[in-house]
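Participant: Here are the chains, one letter per residue:
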Amino acid sequence: MTTTPRQVVVTGLGALTPLGGDVASTWEGLLAGRSGVRRITEEWIQELPVHIAAPLAVEPPLGRVEARTLDRSQQMALVAAREAWADAGSPEVDQERLAACVASGIGGVTTLLSQHDVLREKGARRVSPHVVPMLMPNGPASTVGLAFGAKAGVHAPVSACASGSEAIALGLDIIRAGRADVVIAGGTEAAIAALPIAGFAQMQALSRRNDTPQTASRPFDKARDGFVLGEGAAILVLEAAEHAAARGARVHGVLAGAGISSDAYHIAAPDPAGAGAARAVRAALRSAELAPTDVIHINAHATSTPSGDLAEAVALRSAIGSHIDSVAVTATKSMTGHLLGAAGALEAVASILALRERIVPATRNLDALDDEIALDVVSIDNRKIGTGAALSNSFGFGGHDVCLAFTI
Amino acid sequence: MSQDILAGLAVILEEVAGVDPADVTPEKTFIDDLDVDSLSMVEVVVAAEEKFTVKIPDDDVKSLKTVGDAVSYIQRAGVAA
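Heads up: the sequence lines are chains A and B, in that order.
Offset between the first sequence (1-based) and the numbering used here: plus 1.
Here the numbering used here is used: position 63 in the second sequence is 48, and no number is missing along the way.
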């Protein structure tokens, strides 16, 4: 006997991004086609081949004492979670029915690096006793769990640039399985530092348009040359539909399903056939009980790397079939840069708002669509859409593929 | 002397844990009264070592329950040095 899984709705949204200090300003930035990418002028970046990034538009508004024991990634997650929780109406929830799934791709890397400097320069006695809780990849999940008293589990799935989406997918599973009624889910990343930038640059993954930062992130464009590293956090409050209904909560949209797969192809390179990504998309549709023809909008992973964008286009055609020609595709990273472990969460927020507001923000910097990319990528003007389903893709180094399905 | 140490500890506690300097009196316990957790206590100790040029071995930290305990310890350690 099969039973209909519990429906999971999204009742709260929060974000701290290169475009704004909250969801409203970020969404306004996306609709306006603004770029959050800028030239970094600090001395540490001068010796690197890449001088651009997408830092937060607004520093995390936390008190000094609150901030000093939290890594920047934890600070961002906390701020976004507070916004999402308030947006959900600050619900009274049985703490044993509340979980937190907050992911980061890299964890507290700036803490790790700066404390390593302290160790070398000043010795072991001067290393902060907070360093381990600040650098551990589950730190942001724990910070958020503590802040809201989540006692049904605190989780931090780590899957590089798919982490944020995987955290949301895990939240869906947890509610469907009946292990919690409410999950605070999302991702955070604060990795704008010399070592990550040098490392990504050595992988030839980053754009080198140092002189024109705002044109550097150009997903699906013929002249794309890599991604731009961004930072930020985005958090969703996921809730069992009956729980939300019982308290009369305002519902932004439905997290209808999620699909997860893995490439088993290469540690970093995408499978050019997009087989794993296509499997994730199909799995998300199955999980949501949707047909490919229900999809009206796709928020692509589209980081602006030559091989990644191409593989995703192949995967989408394979999974959606010829109906892909009628789907409005967009690439949020053209404006925000790539928030790594927060990217999927931010794009989940954007997907939900696109469905709710019935408008797809145009992809920035798409001057000439790559001839090999057969997708209807929304560019220049935002596009009005009807009602239907939206998909949001996230893929990560390590061969991780995650697709989330939303309806309204 | 002990007043200077008390005032110095108040500065450290404000910096490390956001404790109101007015709350820093000898009878207060670090953990229960001033809400300084065990990790922040390590920071307080390291900062105090530096400020007062004393050594406070980890084994001795456990005996420092109150602000007054810390003031006397630092005073003794300072004299010994």
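Keep in mind that the hints are not guaranteed to be accurate.
Stated by the list, open to error - Interface residues of chain B toward chain A, partial, derived using beta-carbon atoms under 8 Å: (1) A2; (2) G3; (3) L24; (4) E28; (5) V31; (6) V46.
Hints in this document: simulated from the structure, not taken from any laboratory.
All C-beta atoms, glycine included, are put in the ideal place defined by N, C-alpha and C.
Participant: With reference to the structure, classify each hint as holding or not holding.
Facilitator: A quick look at each hint next to the structure:
1. Given hint, A2(B) at the interface with chain A, holds; its Cβ is 7 Å from that chain's nearest Cβ, closer than 8 Å.
2. With its C-beta approaching chain A no nearer than about 3 Å, G3(B) sits inside the 8 Å limit, and its interface hint holds.
3. This hint holds: L24(B) has a C-beta 4 Å from the nearest C-beta of chain A, less than the 8 Å allowed.
4. Hint status for E28(B) relative to chain A: holds, with the closest Cβ pair at about 6 Å, below 8 Å.
5. At a threshold of 8 Å, the smallest CB-CB gap from V31(B) to chain A is about 6 Å, leaving the interface hint in force.
6. The closest approach between the C-beta of V46(B) and any C-beta of chain A is roughly 11 Å, which is over the 8 Å cut-off, so the hint fails.
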